[in-house]
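From first to last, the protein sequence lines stand for chains L and X.
Taking the numbering used here, the leading residue of the first sequence gets 1, the next gets one more, and so forth.
Taking the numbering used here, the leading residue of the second sequence gets 189, the next gets one more, and so forth.
The set of hints was computed from the structure by calculation and includes no laboratory data.
Do not take every clue at face value.
[Stated by the list, open to error] Which residues of chain L face chain X? A partial, calculated answer using Cβ under 10 Å:
hint : residue
1    : C28
2    : C31
3    : M44
4    : R46
5    : T79
6    : R81
7    : E90
8    : A94
9    : N116
10   : H124
11   : V127
12   : L162
13   : P173
14   : L174
15   : A176
[Unchecked claim] 25 Å max Cα-Cα, derived DMTMM-like pairs, lysine to aspartate or glutamate:
hint : chain 1 : residue 1 : chain 2 : residue 2
16   : X       : K253      : L       : E119
17   : X       : K468      : X       : E223
18   : X       : K280      : L       : D16
19   : X       : K280      : X       : D318
20   : X       : K283      : L       : E90
21   : X       : K280      : L       : E90
22   : X       : K253      : L       : E175
These figures come from a predicted structure and were not determined experimentally.
The C-beta atom is built at its ideal place from N, Cα and C for all residues, glycine as well.
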Amino acid sequence: MNPSAAAEIKTTRAPDAIEQARRMVQSCIQCGTCTGSCPNAFAMDRTPRQLWRLVLLGQREAVFGSRTFTLCSACFLCTLRCPRGLHLTEAMHALKQAASRERLTAHRPVTAFYRNFMESVRRHGRVNELAFMTLYFAEMKSPLLPLRYSVLGLRLAARGKLSLRWPLRRQRPLEAIFRRAAEMEEGG
Amino acid sequence: MIYHYYPGCSLEGTAREYDLSTRAVMAALGAELAEIEGWTCCGASAAESTNALLALALPARNLAKAERHAEIGAVLVPCSACYLNLKTVAEKTRKDPSLLSKINAVLGAEQLRLQGRLQVKHLLDVLAKDLGPAAIHPKVVRPLDGLRIAPYYGCQCLRPYAAFDDPEAPTSMEPLIRALGAEVFRWSMGGRCCGAANMNTQRTAGMELVAGILAAARGADALATVCPMCQMNLDAFQGAAGRLRQADLRIDVLYLPQLIGLALGLSEHELGLRFNFSVKGDFHRRHLKEVAPHAA
Numbered sequence: 001m002n003p004s005a006a007a008e009i010k011t012t013r014a015p016d017a018i019e020q021a022r023r024m025v026q027s028c029i030q031c032g033t034c035t036g037s038c039p040n041a042f043a044m045d046r047t048p049r050q051l052w053r054l055v056l057l058g059q060r061e062a063v064f065g066s067r068t069f070t071l072c073s074a075c076f077l078c079t080l081r082c083p084r085g086l087h088l089t090e091a092m093h094a095l096k097q098a099a100s101r102e103r104l105t106a107h108r109p110v111t112a113f114y115r116n117f118m119e120s121v122r123r124h125g126r127v128n129e130l131a132f133m134t135l136y137f138a139e140m141k142s143p144l145l146p147l148r149y150s151v152l153g154l155r156l157a158a159r160g161k162l163s164l165r166w167p168l169r170r171q172r173p174l175e176a177i178f179r180r181a182a183e184m185e186e187g188g
Numbered sequence: 189m190i191y192h193y194y195p196g197c198s199l200e201g202t203a204r205e206y207d208l209s210t211r212a213v214m215a216a217l218g219a220e221l222a223e224i225e226g227w228t229c230c231g232a233s234a235a236e237s238t239n240a241l242l243a244l245a246l247p248a249r250n251l252a253k254a255e256r257h258a259e260i261g262a263v264l265v266p267c268s269a270c271y272l273n274l275k276t277v278a279e280k281t282r283k284d285p286s287l288l289s290k291i292n293a294v295l296g297a298e299q300l301r302l303q304g305r306l307q308v309k310h311l312l313d314v315l316a317k318d319l320g321p322a323a324i325h326p327k328v329v330r331p332l333d334g335l336r337i338a339p340y341y342g343c344q345c346l347r348p349y350a351a352f353d354d355p356e357a358p359t360s361m362e363p364l365i366r367a368l369g370a371e372v373f374r375w376s377m378g379g380r381c382c383g384a385a386n387m388n389t390q391r392t393a394g395m396e397l398v399a400g401i402l403a404a405a406r407g408a409d410a411l412a413t414v415c416p417m418c419q420m421n422l423d424a425f426q427g428a429a430g431r432l433r434q435a436d437l438r439i440d441v442l443y444l445p446q447l448i449g450l451a452l453g454l455s456e457h458e459l460g461l462r463f464n465f466s467v468k469g470d471f472h473r474r475h476l477k478e479v480a481p482h483a484a
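Given the sequences, and given the hints that come with them, work out the whole structure.
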């Protein structure tokens with residue numbers, strides 16, 4: 001990770017960035033069943049068990065300096081097997097939400113993907129791949145990124161599985177709900 | 189038998205064939221689907237990664253809309269991610285009235301109110317338990333004789349809610365596959381994760397999982413799936429996965445209702461087989477000896 005990204009993690013504004021996850025894993029006994037069950041552990045720089053220990057110790061820099069939580073694919077095996085009955089997949093979600101709120105540069109490729117997906121849903125009510133990808137590429141400003149998706153995009157379009165029309169509906173059917181949810185989250 | 193039907197966004201686009209085949213097979217089996225009017229996105233795996241309250245409010249909105257029709261008691265959902273999002277709201281609000289009021293405070297912005305009286309059911313649950321092999325078998329006119337089908341369940345229809353199957357060693361597809369005249373390919377990968385959205389955000393990690401599943405399916409004639417995300421991952425990346433493993437990992441990947449529909453005598457066109465990347469040409473001609481339909 002580059003130094004500025006590391007500095008950014010050090011100064012994450014919200015003091016509770018990992019607090020929610022910490023409450024969720026409070027009674028972790030460090031048995032490692034989560035690590036043994038995780039299909040993505042092979043690709044992680046810290047195992048799930050290590051991540052929960054760091055969360056419990058309040059090591060914010062180490063937690064958000066790791067890509068472990070972004071690799072959770074929500075298979076729920078660790079949640080199913082945890083002998084303490086902890087909602088570990090939801091704790092992973094809580095970390096993803098915190099990284100998204102804080103807009104941490106190191107995790108932007110992942111968090112911007114989800115954030116722009118949600119923005120597209122906010123505007124159109126349902127997912128429109130073209131609208132969503134356009135937003136995502138615009139935020140990422142990486143000239144190579146669209147290429148990574150273009151092969152699948154073109155194959156989908158060739159099979160008639162991708163609408164290449166820009167959605168015309170301007171109604172924003174979910175606007176009221178998005179707005180109310182944001183107000184309530186801010187108000188605590 | 190009538191269900192509310194929540195197709196979800198994928199079934200309008202990248203998983204069109206799942207929508208076509210689900211509707212066709214349910215009609216052939218005499219079950220009625222009432223599509224939820226004005227349904228919207230359930231949040232997919234994006235809401236839970238960005239905002240916890242929206243992750244509950246978005247699926248809740250669809251349940252609240254469906255509840256207006258008091259005569260129907262269950263929602264049928266073919267997509268496993270949508271299913272889990274809707275199911276999570278149903279399960280959590282049942283146990284937590286304060287959460288229900290919080291969700292209703294959000295839905296109030298649209299004058300909607302969730303009571304929490306609907307059952308949320310995955311398509312596989314309905315096919316395997318509500319209808320069952322006994323309802324399907326007598327309607328089979330083109331048995332899938334000798335076809336070895338590997339049942340692939342994925343994760344979110346099995347976990348965390350063990351609603352209709354063993355969440356670690358699932359078997360609910362097996363009697364259905366046998367009812368079609370096909371054989372169940374024995375393997376242990378049915379409930380292993382396909383990498384889900386990691387195929388979009390962190391492809392190297394996702395590809396390993398896809399390659400592992402496809403490699404384990406060698407020897408089967410077809411893979412059966414019950415989720416658009418699993419289908420996309422296993423159907424569209426066989427070339428890249430094969431290069432990773434240096435092996436030929438090509439296999440026909442079909443949605444379970446496509447396979448059921450074939451056995452029920454529905455056409456490949458009706459079932460949308462032209463939309464599957466891995467199905468090249470006429471599935472029937474390649475895999476099955478032509479059998480004359482049973483006399484009625």
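Here's how the hints hold up against the structure:
no., hint, result
1, C28, "violated, 17 Å"
2, C31, "violated, 18 Å"
3, M44, "holds, 9 Å"
4, R46, "violated, 14 Å"
5, T79, "holds, 5 Å"
6, R81, "holds, 8 Å"
7, E90, "holds, 8 Å"
8, A94, "holds, 7 Å"
9, N116, "holds, 9 Å"
10, H124, "holds, 9 Å"
11, V127, "holds, 4 Å"
12, L162, "holds, 6 Å"
13, P173, "holds, 6 Å"
14, L174, "holds, 6 Å"
15, A176, "holds, 4 Å"
16, X/K253 to L/E119, "holds, 22 Å"
17, X/K468 to X/E223, "violated, 31 Å"
18, X/K280 to L/D16, "holds, 24 Å"
19, X/K280 to X/D318, "holds, 24 Å"
20, X/K283 to L/E90, "holds, 17 Å"
21, X/K280 to L/E90, "holds, 13 Å"
22, X/K253 to L/E175, "holds, 16 Å"
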